[in-house]
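Note that the protein sequences, when read in sequence, are chains A and B.
For what it's worth, the numbering used here labels the leading residue of the first sequence as 197, then goes sequentially.
For what it's worth, the numbering used here labels the leading residue of the second sequence as 278, then goes sequentially.
Treat the hints with caution; some may be incorrect.
[To be verified] A partial selection of chain A residues facing chain B, derived with a Cβ cut-off under 7 angstroms:
(1) E258
(2) G472
(3) G474
(4) R484
(5) N586
Just so you know, these hints were derived from the structure itself, not from any lab.
Every residue gets a Cβ at the ideal spot worked out from N, C-alpha and C, and that includes glycine.
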Amino acid sequence: MNIHEYQAKKILSQYGIKIPKGGIAYTPLEAKKVASKVSFRGPWMLKAQIQSGARNKGYFLEKGSGRRGGIRLIKSRRDIEKNAEQMLGSTLVTIQTGPKGKLVSRIYVEAYNKIEHIFYAGMVIDRVKAEVTLLVASTKDEDISQIAINNPEKILKINLDLNKEVSAEQVKKVMEFLKLKPKSSRSLETYINGMHRAFIDYDATMIETNPVGVMKNGELVALDAKMSFDDNALYRHPEISRLQDDYEASERELQASKYRFGYSEFNGSIGCIVNGDGIALAAMDALRAKGIGTACFLNVKGGVDKDKIASGIKIIMTNPRVEGILINILGGFLRCNLIADGVISAASEVGLNVPLVIRFEGTNKEEAKEILERSKLPLIMADTMEDAINKLVKAMEEND
Amino acid sequence: MSILVNNKTKVICQGVTGTQATFHIRRSLDYGTKVVGGVTPGKGGETHLGLPVFNTVKEAKETTGANASVMYVPAPYVKSAFKEAVEAELDLVVCIADGVPIKDMIEIKAMLKDSPTKLIGPNTPGIITPGEARLGIFPENIHHRGNIGVVSRSSTLTYEAVLETTRAGEGQSTVIGLGDDMLIGIDFIDAIERFNQDKDTKAIVMIGQLGGTFEEVAAKYYKDLVSKKPIIGFVAGNAVPFGHKMGYAGDIISKGHISAQDKKDAMEDAGIIVVDNINDIHKELAQLAS
Numbered sequence: 197m198n199i200h201e202y203q204a205k206k207i208l209s210q211y212g213i214k215i216p217k218g219g220i221a222y223t224p225l226e227a228k229k230v231a232s233k234v235s236f237r238g239p240w241m242l243k244a245q246i247q248s249g250a251r252n253k254g255y256f257l258e259k260g261s262g263r264r265g266g267i268r269l270i271k272s273r274r275d276i277e278k279n280a281e282q283m284l285g286s287t288l289v290t291i292q293t294g295p296k297g298k299l300v301s302r303i304y305v306e307a308y309n310k311i312e313h314i315f316y317a318g319m320v321i322d323r324v325k326a327e328v329t330l331l332v333a334s335t336k337d338e339d340i341s342q343i344a345i346n347n348p349e350k351i352l353k354i355n356l357d358l359n360k361e362v363s364a365e366q367v368k369k370v371m372e373f374l375k376l377k378p379k380s381s382r383s384l385e386t387y388i389n390g391m392h393r394a395f396i397d398y399d400a401t402m403i404e405t406n407p408v409g410v411m412k413n414g415e416l417v418a419l420d421a422k423m424s425f426d427d428n429a430l431y432r433h434p435e436i437s438r439l440q441d442d443y444e445a446s447e448r449e450l451q452a453s454k455y456r457f458g459y460s461e462f463n464g465s466i467g468c469i470v471n472g473d474g475i476a477l478a479a480m481d482a483l484r485a486k487g488i489g490t491a492c493f494l495n496v497k498g499g500v501d502k503d504k505i506a507s508g509i510k511i512i513m514t515n516p517r518v519e520g521i522l523i524n525i526l527g528g529f530l531r532c533n534l535i536a537d538g539v540i541s542a543a544s545e546v547g548l549n550v551p552l553v554i555r556f557e558g559t560n561k562e563e564a565k566e567i568l569e570r571s572k573l574p575l576i577m578a579d580t581m582e583d584a585i586n587k588l589v590k591a592m593e594e595n596d
Numbered sequence: 278m279s280i281l282v283n284n285k286t287k288v289i290c291q292g293v294t295g296t297q298a299t300f301h302i303r304r305s306l307d308y309g310t311k312v313v314g315g316v317t318p319g320k321g322g323e324t325h326l327g328l329p330v331f332n333t334v335k336e337a338k339e340t341t342g343a344n345a346s347v348m349y350v351p352a353p354y355v356k357s358a359f360k361e362a363v364e365a366e367l368d369l370v371v372c373i374a375d376g377v378p379i380k381d382m383i384e385i386k387a388m389l390k391d392s393p394t395k396l397i398g399p400n401t402p403g404i405i406t407p408g409e410a411r412l413g414i415f416p417e418n419i420h421h422r423g424n425i426g427v428v429s430r431s432s433t434l435t436y437e438a439v440l441e442t443t444r445a446g447e448g449q450s451t452v453i454g455l456g457d458d459m460l461i462g463i464d465f466i467d468a469i470e471r472f473n474q475d476k477d478t479k480a481i482v483m484i485g486q487l488g489g490t491f492e493e494v495a496a497k498y499y500k501d502l503v504s505k506k507p508i509i510g511f512v513a514g515n516a517v518p519f520g521h522k523m524g525y526a527g528d529i530i531s532k533g534h535i536s537a538q539d540k541k542d543a544m545e546d547a548g549i550i551v552v553d554n555i556n557d558i559h560k561e562l563a564q565l566a567s
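So here's chain A without its partners, still in its complex pose (with noise of 0.2 angstroms):
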């Protein structure tokens, strides 16, 4: 789970970093109010709040937003409530985002802070060492993206330890990395430990604070920031599902998640059910290579809840997109002869108006057959992924 820049820098801050002064406005009215509570005289940062990198470098859709990005610079405080208003209700295009956007529905805004340099302070889990780790790279002349593609060397990583603070030398290293000047040290060490601490604490899987600013008197300042946490940890910390943005995710992915399912959807033609993300990748690569495309996948799991079942099915059942079905079960843990009573529910509440190919192997197979012939829907059963794939790439050429 992602949340928004102004909750993660609200964290870090608890945790003794410096973040600039700022609040959170819904319409152009709150930006001005704001505005004029966290600077006096400004300069202003006008920043949308969407879960995506590269915001500045974005587009707004719509014609009325002005050419700026989604990051902006205001000087005078009348450009306040104008600029609010471009950004607000509008959909901005980043490189993170695809072609549709997302929504803007909040901004914060922040006082501008004087920085003398900026630098790069990420944190992620290194699935090799299985540890965490510290990255940071000067930011200078070249930004992290283009960096850690051209010159990953010009990245320092420094693999912490999960029950100590950062030490003494590992400080050192990264001011010399990054040739900061010796006051920055204190707040270095303050910084460093305090998104390891956060990154603790809170089940994060990753944070980035992309620039951090280094101020005249030395001190360091957390000019963005954005922190993802394990979902599978969620149950740990309900103030943090709480901040779950339902804007950002789509009607149809709410509710799989809501069951625990895994669901993605893409630009293609055909709804996946599986109950595994390997073999949903696997179906995907043996569907392009017929040249059809995955509207979108659903990964039950290791679903033991017949309800639950029917309900994820219907789910890929109603997405327009969707020409036809694959279901693709290797049970193990699963029994296949759940997802067959799952399809008839839904089948029998929401209708099936296009192909659907089944295959089931595995854990209680033979019934899982038997259900379904007894059932007598017009389902086409293969034998193997690729028997699979050539009968729904058939059945949806005859249905046109």
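Chain B: place on chain A using the hints.
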């Protein structure tokens, strides 16, 4: 021969009295797996599925001589259950649960560092040596004794890979699901190393997928091996578009965005036979045999 488990492996089940455990342990017993007991705190002294139930792993090990555990405990309790297994110094723990918090896994990985215990999983179908031992949730009817070692990160594709060996007229020496999660116990290298030394394994099927760098690391290891058995590999996830995401930190740790194709390239460069369609594995296996 086989790797990690066989008909001599004495298995206990942690969380044995739960519904899923009951369903699957009964099947493992029917399969011939030497399950010698179960552990459910507070239910020590009871008998379940004809097996003695203990309060702790230590007690279970002392009484039954068990050397492996398969745990069906729910994700929030995995860390403490695993700690018990490590303290009892079991050789192998198979963790089926899906949804173990990453932080708990970081701590579990730290426990593993100085321990003789090996972990398979979490979020795995487990490990099966056909005809000898089933620790996990495998549909046992698709497996046959044979000479192909199967190792996969994806649970469901493990079954697909097994079916491919059958289509080629081959059976499996041992089948391991490494687990779908970000952090896992043993990885491809452990499995390849063991299969390479196992005299009954003549070839290996390796199934990777998008995410992480496990495949690249394994490819590098395989490339440098002097004597090695052939590997047929597949990586799922080529059709996934450069998706919606947030931030760059994930890319940085893996040196830019790694696609399924990058993984395939690394594997091919290491001498692994890589197929584009998982249902082509049987053809490559048949080719190897002839």
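To see whether the hints hold, each was checked on the structure:
no. : hint : verdict
1   : E258 : violated (21 angstroms)
2   : G472 : holds (3 angstroms)
3   : G474 : holds (2 angstroms)
4   : R484 : holds (4 angstroms)
5   : N586 : violated (11 angstroms)
In summary, the numbered hints that this structure violates are 1, 5.
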